[in-house]
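2 protein chains.
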Amino acid sequence: PLKPHPQRNGSERNPGAAPPRLPFSRVTREDLAFFRTLLPGRTITDPDLLKSSNVDWLKTVEGNSEVLLRPKTTEEVSQILRHCNERNLAVCPQGGNTGLVGGSVPVFDEIILSTSLMNQVITFDNISGILTCQAGCVLENLSNYLEERDFIMPLDLGAKGSCHIGGNVSTNAGGLRLLRYGSLRGTVLGLEVVLADGRILNCLATLRKDNTGYDLKQLFIGSEGTLGVITAVSILCPRKPKAVNVAFLGCSSFQQLLETFQCCRGMLGEILSAFEFFDASCMSLLEKHLKLTNPITESPFYIVIETAGSNATHDEEKLHKFLEEVMTSSLVTDGTVATEATKIKALWSLRERVTEALTHEGYTYKYDISLPVEKIYDLVQDMRGHLGDMAKNVVGYGHVGDGNLHLNITSPSKDPALLAAIEPYVYEWTSEWKGSISAEHGLGLKKRNYIYYSKPSEAVALMGSIKAMLDPKGILNPYKTLPDNIH
Amino acid sequence: PLKPHPQRNGSERNPGAAPPRLPFSRVTREDLAFFRTLLPGRTITDPDLLKSSNVDWLKTVEGNSEVLLRPKTTEEVSQILRHCNERNLAVCPQGGNTGLVGGSVPVFDEIILSTSLMNQVITFDNISGILTCQAGCVLENLSNYLEERDFIMPLDLGAKGSCHIGGNVSTNAGGLRLLRYGSLRGTVLGLEVVLADGRILNCLATLRKDNTGYDLKQLFIGSEGTLGVITAVSILCPRKPKAVNVAFLGCSSFQQLLETFQCCRGMLGEILSAFEFFDASCMSLLEKHLKLTNPITESPFYIVIETAGSNATHDEEKLHKFLEEVMTSSLVTDGTVATEATKIKALWSLRERVTEALTHEGYTYKYDISLPVEKIYDLVQDMRGHLGDMAKNVVGYGHVGDGNLHLNITSPSKDPALLAAIEPYVYEWTSEWKGSISAEHGLGLKKRNYIYYSKPSEAVALMGSIKAMLDPKGILNPYKTLPDNIH
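Chains as they are written, first to last, in UniProt numbering: chain A, 1 to 487; chain B, 1 to 487.
Pulled out of the complex, with its shape left as it was, chain A reads as follows:
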């Protein structure tokens, strides 16, 4: 049975469209003078310098902000927000600007508050593995910092070279290691957050356990900057595994892929750290646009399996037994294994660069769906049938271990007729199977009005109450996450 989705305020016809501008103040000369005194040389108004901050990575959403602020300290963020809240100026917090749902760029003229200069590690405890750092640290820089100390970050994703840890936490990023290390709701131990009115909320604990009152930090994980600006993070980091292996396999059907997954969980057990897949269409795009080479014979489906463990001999033995099993039972048609870092990286890049390959196809309609794992590829096949020749390409890839499909539909350029054929069809399909219409990307601007496909209206109303409580003027990342009838 389909969930109701009571969009109002004119959003019924085109729930993906931009909403009307809310009555925030405009930035005045006095405001600029205040910012320039607070952030000398870090108050950017040059339109050329602002350009890349006004548009998202996919170049599908563009705002018109005239001010970019680059604070270095929590105190500066606090003063900025206090001023903006008093003056009723809207603010768009921005990390690495790698989001895929238009959550990290302004919709109109919101002031962009960038965390790019808040990039310091504060402390690292090499006994407990607890890292505390500013929100603007780039994920890959943190990974490198930790690798030198024999630890790793509990999350990894394709955008690691640009994304900020504060943005990762604000969007509750999933990525490639969730299967093994769990979600940020478990690994983030503490947050420092500046609230809309400039109050600093210090919940920057570095404890694995703390049951003293409500866990306020959870409100800010995954709320996409609409409830507060995360300025610092403490996070529990796993030890660097002593042995890492990657297997790249081909399967002739999705059913066989699922059986391979079941077999893999049983035989690799606790050393399994990733089970990812992409389809043959993705491989074609990798070959065509990025000149990558398929390391095995052509197959309808490709799998990347990673193991991470503490004993190389044991891990290889487990992996080889598993490979023997899936080869002899013909679940897998061909495969290759890597234990050496360069080759591991090369195999991973096939999976990680699918998103990039897609950007060369023209316009991409992106969907990030959670479903019961048995159903995830049915949606791709159903969509191919449903769209026929209208779409250039319908491809599927994602995180099998998490039941998370990235469904991508390409077209030479933006195509309203194609969009109308995809939506709400894709959301209705997902809702019918009790899936999530945003598994890990968040709702941002693009998906905000589709929230009712995955959440009951009582829940959305309560989200609105929380927003009103923490940000009564609605200055923080307006037009994002919550549907138009709530803003």
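Rather than coming from a laboratory, the hints here were simulated on the basis of the structure.
Here the structure is a predicted model, which means the values were calculated and not measured.
Wrong hints could be hidden among the right ones.
The calculated lysine-lysine pairs, modelled on DSBU-like cross-linking and capped at a C-alpha distance of 35 Å, are [unchecked claim]:
#1 B:Lys240 x A:Lys434
#2 A:Lys242 x B:Lys345
#3 B:Lys240 x A:Lys343
#4 A:Lys375 x B:Lys72
#5 A:Lys434 x B:Lys242
#6 A:Lys240 x B:Lys375
#7 B:Lys375 x A:Lys72
#8 A:Lys72 x B:Lys434
#9 B:Lys242 x A:Lys321
#10 A:Lys321 x A:Lys240
#11 B:Lys240 x A:Lys321
#12 B:Lys240 x A:Lys240
#13 A:Lys414 x A:Lys288
#14 A:Lys345 x B:Lys321
#15 B:Lys321 x A:Lys242
#16 B:Lys473 x A:Lys242
#17 B:Lys345 x A:Lys343
#18 B:Lys343 x A:Lys240
#19 B:Lys72 x A:Lys240
#20 B:Lys242 x A:Lys375
#21 A:Lys242 x B:Lys242
#22 A:Lys345 x B:Lys240
#23 B:Lys345 x A:Lys321
#24 B:Lys473 x A:Lys473
#25 A:Lys375 x A:Lys414
#26 A:Lys345 x A:Lys321
Based on these hints, arrange chain B on the given structure of chain A.
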């Protein structure tokens, strides 16, 4: 530097004391008639039957409720709360009543809402391992149900034979497997909750990933029934490990115990599922009161290490290498290993029954502290010096892997002078080392006014706003979790 702890409303002098009764209505004959119509035969008013529900497991806190309600369905819980909210009747939700901070019994005459008849498994998916069940399922029953299906619960604790999963989630229970499977904030995938006014909030998702709006379920995890009554839970369950081993070891100093832990994490890595400790005083109590036998030579410290993995040969090899290392380097003085279920259970029961042994000592002052792991036993030793002959026994045990100490101080009977010597000393000590004054037990009635030792006042104020938003009349579990100046 000590945190401020601005208790008001007369609680400065004795912050552990019961607060004055708030002006809730008294239960009338009409209320009872309503309950009896709604819950025929399940509206309990017989004082004898109410007795065990009015007093906590430790027999340290006792209420005077005259009504115990035993709903079977969410709809019944909804109708109860709607009625109570309209009538301004206070409600104390109760699961297995195994809590240690007086959170699960009424303080005055609150109506007890028991989940004991809400004990049905709703669904279990043996591909994903996702279990959905009513809140009143006993943890051990769920464990047995899952074991038959080759899965396990992601949490385990000494009270498993009585505690309810709803209570576990409401208190964000930690327990013995947290080191391996993480906290309930990561493993709980969905909740159904009845709000104070009777509205049913259905967030009972069964997806590993879902980033559609704010994660409302987190508000109810660990809020001890003060924001809503959890009626159903969906939770991600790990596969049953193919091999389990337990090692029981002795150490001659806490420093050596810590070095053993570091060595263990390196050598056992991903198969380590628990690292627990207790001291020689605990062992004496186990021998004296429960007639348990120490399986190894006497030592100042005892360790229980559990491994859980997918390959018995590999696991035993890792464990033996580790044991060889810690024996030859003299980190460990003596030890024994179990691979067989009965012996494993016997070794575990030494650790699990310390709490029970303590109840035979007279009155026990219990503290559940998180600290940087290097510091956890310093607190026990410091406390022994500080209290001298005033205490009968000062013992320490707990979860080394989580930096979680259970500090227990016994006395022949309640002793105000002893209490005055312990508190606020123990909280100041913890605060000075940035620890948590309640790692996993919650605040309940007993610790509510000490929250400021672990949380800044801005955070506590925000908790008060959340409480006011969700339960404006304050009927849900009053006098618990939040300090008196917030109620």
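Taking the hints in turn, this is what the structure says about them:
no.	hint	in the structure
1	B:Lys240 x A:Lys434	27 Å, holds
2	A:Lys242 x B:Lys345	32 Å, holds
3	B:Lys240 x A:Lys343	33 Å, holds
4	A:Lys375 x B:Lys72	33 Å, holds
5	A:Lys434 x B:Lys242	32 Å, holds
6	A:Lys240 x B:Lys375	25 Å, holds
7	B:Lys375 x A:Lys72	33 Å, holds
8	A:Lys72 x B:Lys434	25 Å, holds
9	B:Lys242 x A:Lys321	16 Å, holds
10	A:Lys321 x A:Lys240	24 Å, holds
11	B:Lys240 x A:Lys321	20 Å, holds
12	B:Lys240 x A:Lys240	25 Å, holds
13	A:Lys414 x A:Lys288	21 Å, holds
14	A:Lys345 x B:Lys321	32 Å, holds
15	B:Lys321 x A:Lys242	16 Å, holds
16	B:Lys473 x A:Lys242	55 Å, violated
17	B:Lys345 x A:Lys343	45 Å, violated
18	B:Lys343 x A:Lys240	33 Å, holds
19	B:Lys72 x A:Lys240	48 Å, violated
20	B:Lys242 x A:Lys375	28 Å, holds
21	A:Lys242 x B:Lys242	23 Å, holds
22	A:Lys345 x B:Lys240	32 Å, holds
23	B:Lys345 x A:Lys321	32 Å, holds
24	B:Lys473 x A:Lys473	26 Å, holds
25	A:Lys375 x A:Lys414	28 Å, holds
26	A:Lys345 x A:Lys321	23 Å, holds
Consistency note: the structure conflicts with the earlier hints numbered 16, 17, 19.
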